[in-house]
Amino acid sequence: AQSVTQLGSHVSVSEGALVLLRCNYSSSVPPYLFWYVQYPNQGLQLLLKYTSAATLVKGINGFEAEFKKSETSFHLTKPSAHMSDAAEYFCAVSDIGKGGKLIFGQGTELSVKP
Amino acid sequence: ETGVTQTPRHLVMGMTNKKSLKCEQHLGHNAMYWYKQSAKKPLELMFVYSLEERVENNSVPSRFSPECPNSSHLFLHLHTLQPEDSALYLCASSPSRDTGELFFGEGSRLTVL
Chain A
1 AQSVTQLGSH VSVSEGALVL LRCNYSSSVP PYLFWYVQYP NQGLQLLLKY TSAATLVKGI
61 NGFEAEFKKS ETSFHLTKPS AHMSDAAEYF CAVSDIGKGG KLIFGQGTEL SVKP
Chain B
1001 ETGVTQTPRH LVMGMTNKKS LKCEQHLGHN AMYWYKQSAK KPLELMFVYS LEERVENNSV
1061 PSRFSPECPN SSHLFLHLHT LQPEDSALYL CASSPSRDTG ELFFGEGSRL TVL
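Quick note, the sequences are listed as chains A and B, same order.
Residue numbering for the first sequence follows this note's numbering, beginning at 1 and increasing consecutively.
Residue numbering for the second sequence follows this note's numbering, beginning at 1001 and increasing consecutively.
Calculated directly from the structure, the hints in this document are not laboratory data.
Don't take every hint at face value.
Cross-link-like lysine to aspartate or glutamate pairs, in silico, EDC-like; alpha carbons within 16 angstroms at most [stated by the list, open to error]: (1) Lys101/A to Glu1106/B; (2) Lys1036/B to Glu1052/B; (3) Lys113/A to Asp85/A; (4) Lys113/A to Glu15/A; (5) Lys49/A to Glu1056/B; (6) Lys1041/B to Asp1085/B; (7) Lys1019/B to Glu1101/B; (8) Lys1022/B to Glu1106/B; (9) Lys1041/B to Glu109/A; (10) Lys49/A to Glu1101/B; (11) Lys1018/B to Glu1101/B; (12) Lys49/A to Glu66/A; (13) Lys1040/B to Glu15/A; (14) Lys49/A to Glu109/A; (15) Lys1040/B to Glu88/A; (16) Lys1019/B to Glu1067/B; (17) Lys1036/B to Glu1106/B; (18) Lys1040/B to Asp1085/B; (19) Lys49/A to Glu64/A; (20) Lys1018/B to Asp1098/B; (21) Lys1041/B to Glu1084/B; (22) Lys101/A to Glu1067/B; (23) Lys1040/B to Glu1101/B; (24) Lys1041/B to Glu88/A; (25) Lys1022/B to Glu1084/B; (26) Lys1018/B to Glu1067/B; (27) Lys101/A to Asp1098/B; (28) Lys101/A to Glu1056/B; (29) Lys1036/B to Asp1098/B; (30) Lys1040/B to Glu1067/B.
Turn these sequences into a full structure, and let the hints guide you.
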């Protein structure tokens, strides 16, 4: 069965600092991996996705993530945090071959201090 | 006009009421979803519709009843709910079931008294 683990339910960084949000997955087949962001009082929005092409994936708002099969990880990074990045971030895994059902992690809340 | 619109945004209901949540997508997608988002818990997939046919029902209690009259509209009918059903209910759509790329509405915040 597929699963996703996000390490740290809350991460706090200073404005301009590196953002690193951790995600590890478990999947019996090559997975598709996603990061979604949820701003306060809004629905989720796709940040980026890995679908077995390049292992380094670039997304919106300066975020990127690297698929590391040996570590079963798909960590999300951004070189320099902005106040507007404060939100909740969800990692998700999908077994596309079985109907594309997304399994979400529990989310990581990112706070950005001025 | 946003891609996926949910109404109402907020709903308070008693345990004996009957209400409905509505979702409309303007993206021409073929698949629509209902998710439940509770505090401190992962998003829970409730129902999936593909081309207006229900293709997944994740052991959701019968007090939740989905309806998909066409590919643009999705409803969640609610009756005799419990306080633990209070949550944010998110609707999403995708071009097909197989993309994993979902477009979400802003959600309907439900409080059951």
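We went through each hint and held it up to the structure:
Proposed proximity of Lys101/A and Glu1106/B is contradicted: the alpha carbons are some 20 angstroms apart, above 16 angstroms. As the CA atoms of Lys1036/B and Glu1052/B are separated by approximately 20 angstroms, the hinted pair breaks the 16 angstroms bound. Proximity of Lys113/A to Asp85/A is assessed by CA-CA distance (about 11 angstroms); at most 16 angstroms being required, the pair is judged to hold. A distance of roughly 6 angstroms separates the Cα atoms of Lys113/A and Glu15/A; the hinted pair therefore holds under the 16 angstroms criterion.
Straight-line distance between C-alpha atoms of Lys49/A and Glu1056/B comes to about 23 angstroms, which puts the hinted pair past the 16 angstroms bound. At most 16 angstroms may separate the alpha-carbon atoms for a hinted pair to count; Lys1041/B and Asp1085/B meet this at roughly 13 angstroms. For the hint linking Lys1019/B to Glu1101/B, the alpha-carbon distance of about 29 angstroms lies beyond 16 angstroms, and the restraint is violated. Proposed proximity of Lys1022/B and Glu1106/B is supported: the alpha carbons are some 12 angstroms apart, at most 16 angstroms.
Taking the CA atoms of Lys1041/B and Glu109/A, the gap is near 13 angstroms; set against the 16 angstroms cutoff, the hint holds. Between the alpha carbons of Lys49/A and Glu1101/B the distance comes to roughly 8 angstroms, so the proposed pair stays at or under 16 angstroms and holds. The hinted pair formed by Lys1018/B and Glu1101/B fails the criterion: a straight-line CA distance of about 32 angstroms is larger than 16 angstroms. With a C-alpha separation of about 10 angstroms, the suggested pairing of Lys49/A with Glu66/A holds against the 16 angstroms cut-off.
At most 16 angstroms may separate the alpha-carbon atoms for a hinted pair to count; Lys1040/B and Glu15/A exceed this at roughly 26 angstroms. Taking the CA atoms of Lys49/A and Glu109/A, the gap is near 19 angstroms; set against the 16 angstroms cutoff, the hint is violated. At roughly 12 angstroms between alpha-carbon atoms, Lys1040/B and Glu88/A fall within 16 angstroms of each other, so this suggested pair holds. Of the pairs offered as hints, the one joining Lys1019/B and Glu1067/B holds, with about 13 angstroms between alpha carbons and a cut-off of 16 angstroms not exceeded.
Annotation: proposed proximity of Lys1036/B to Glu1106/B holds, straight-line Cα distance about 12 angstroms (limit 16 angstroms). Our distance criterion of 16 angstroms between C-alpha atoms is met by Lys1040/B and Asp1085/B, whose separation comes to about 14 angstroms. Between the alpha carbons of Lys49/A and Glu64/A the distance comes to roughly 9 angstroms, so the proposed pair stays at or under 16 angstroms and holds. A threshold of 16 angstroms between alpha carbons decides the hint, and for Lys1018/B with Asp1098/B the separation of about 33 angstroms lies outside it, so the pair is violated.
The straight-line distance between the Cα atoms of Lys1041/B and Glu1084/B is roughly 13 angstroms, inside the 16 angstroms bound, and the hint therefore holds. Proposed proximity of Lys101/A and Glu1067/B is contradicted: the alpha carbons are some 20 angstroms apart, above 16 angstroms. A distance of roughly 23 angstroms separates the Cα atoms of Lys1040/B and Glu1101/B; the hinted pair therefore is violated under the 16 angstroms criterion. For a cut-off of 16 angstroms, the pair hint linking Lys1041/B to Glu88/A stands: about 13 angstroms separates their Cα positions.
Restraint check for Lys1022/B and Glu1084/B: the C-alpha separation of about 21 angstroms exceeds 16 angstroms, so the hint is violated. At roughly 15 angstroms between alpha-carbon atoms, Lys1018/B and Glu1067/B fall within 16 angstroms of each other, so this suggested pair holds. Annotation: proposed proximity of Lys101/A to Asp1098/B holds, straight-line Cα distance about 8 angstroms (limit 16 angstroms). Pair hint Lys101/A plus Glu1056/B holds up; C-alpha atoms about 9 angstroms apart against a cutoff of 16 angstroms.
Annotation: proposed proximity of Lys1036/B to Asp1098/B is violated, straight-line Cα distance about 21 angstroms (limit 16 angstroms). For the given pair, Lys1040/B sits about 28 angstroms from Glu1067/B by alpha-carbon distance, which is inconsistent with the 16 angstroms threshold.
In this structure, the earlier hints numbered 1, 2, 5, 7, 11, 13, 14, 20, 22, 23, 25, 29 and 30 are contradicted, and the remaining ones agree with it.
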